[in-house]
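K.L.:
Generate coordinates for the entire structure from the input sequences, incorporating the hints supplied.
Heads up: the protein sequence lines correspond to chains A and B, in order.
Just so we're aligned, residue -1 is where the first sequence starts under the working numbering, counting upward by one.
Just so we're aligned, residue -1 is where the second sequence starts under the working numbering, counting upward by one.
One or more hints might be untrue.
Since the list gives no way to pick one copy over another, a pair counts as held whenever it fits inside one copy or between any two copies.
Claimed, not checked - Derived pair list, reagent style DSS-like, types lysine-lysine, alpha-carbon separation capped at 30 Å: (1) LYS22 with LYS9; (2) LYS127 with LYS13; (3) LYS17 with LYS127; (4) LYS22 with LYS127.
Keep in mind the hints are simulated off the structure, nothing from the lab.
Bear in mind the structure is a predicted one, so any value in this text is a computation, not a measurement.
2 protein chains.
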Amino acid sequence: MISSPDNDRLKTIRKLQQKRWRMKLGLFCAEGEDLVEAAAAAGWEPEFVLRAGEDVEPELLDAVSALGSGTRVIGVYPRRPGETSGPVLAYLHGVEDPGNVGTIIRSAHALAEATVVLGPGCADPFSPKAVRASMGSLFARPPVQAALEELRGNVVALEASGERTLAEADLTPPLVLCLGAERDGLPTALAADAVRIPVAADSLNVAMAATIALHEAVTRMAADA
Amino acid sequence: MISSPDNDRLKTIRKLQQKRWRMKLGLFCAEGEDLVEAAAAAGWEPEFVLRAGEDVEPELLDAVSALGSGTRVIGVYPRRPGETSGPVLAYLHGVEDPGNVGTIIRSAHALAEATVVLGPGCADPFSPKAVRASMGSLFARPPVQAALEELRGNVVALEASGERTLAEADLTPPLVLCLGAERDGLPTALAADAVRIPVAADSLNVAMAATIALHEAVTRMAADA
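P.N.:
Okay, here's the thing in structure tokens:
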């Protein structure tokens, strides 16, 4: 039982709160029983798992938690990219908020078993907040880092200022749904022919827009099947 | 310029991080220029507003921020309930996560100019995280605390285990969309005749489910108009 805060595994977990170390070591943390179970279900081998009261003093595990107190288990896993296969991809551009990145990974997996592709300026999908927001979908459908040019398919960009609406868009698979950051949106070239989700007031966040568009795409695919 | 951490206004802001004090004082905080502007745009009079470098030493404002460093402005407002009018209401049951409550307030406002009704067991919509997630929609469409029995309309409950799908549901306004907590879902009576959003794998979070259903409802209303 680990009883010293200077233990190497605890030190590693502390380091992995920083992106720099996650990249350098090629590892990341998943906190909580649900996520560790999701990793196992998806066939991910942990580097190690620490359980409070079994492997480590509970207060020492709490002290290295990135998400607040009460963590019973932390697993450390290798960063592993996914594959850009399947009828739908969600391509994100400049989505800086890790909670939004994780939420879109979850929605894409749940609605369409789809993979998320991260373009420039996105939050690290293996950060603690993104992992938590993905609720295990990160393990089932790990995201890919790639440029839009590398993806093949029917590219449909979503932008609040789009002239046409989502209802008018051709969502024929293989579909590449492109979503931009909350404030800056998509690059001009992509935004030129973008479609919008009609709103009554104000604006949707990027995770909401992605979820609506993914739902619309799979609903139409099911109807056409 | 406030230069002491013992200043009464700073003390009030610190207290308002706790629900107990938000209820007792009937006040809450909004942090950041966007939210303070949204409050003004929606006609909310603040109790007071503190700006870093104008009203208060910047480091003292940072020290009372509930959302991390770098806050330039904090406004304190009276808790004020909204009204249960309009063709669509989103009724939440046991949604404990303040981020989800705030996100649903934002989606309901953006997609349908709709008000969120909070039933038992929901997070305080005036908590710092909920206010932040609502992105100002809290001021434009403040939520209401009420029991489902007090609401009139076409009640449609969403549940992952529903027999019928959202596509098959009658969404005729006035519509009351009912959404439950992530784990426990809705009370049995409501869940009995619930509809589901088809998923390919795993599950959607409650904010995503709400957003999809609200989008579907307004899309159909627009088509029928």
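K.L.:
Are the hints correct? Go through all of them and say.
P.N.:
Hints versus structure:
| no. | hint | verdict |
| --- | --- | --- |
| 1 | LYS22 with LYS9 | within (14 Å within a copy, 43 Å between copies) |
| 2 | LYS127 with LYS13 | both (15 Å within a copy, 26 Å between copies) |
| 3 | LYS17 with LYS127 | both (12 Å within a copy, 24 Å between copies) |
| 4 | LYS22 with LYS127 | within (19 Å within a copy, 32 Å between copies) |
The earlier numbered hints are all upheld by this structure, with none contradicted.
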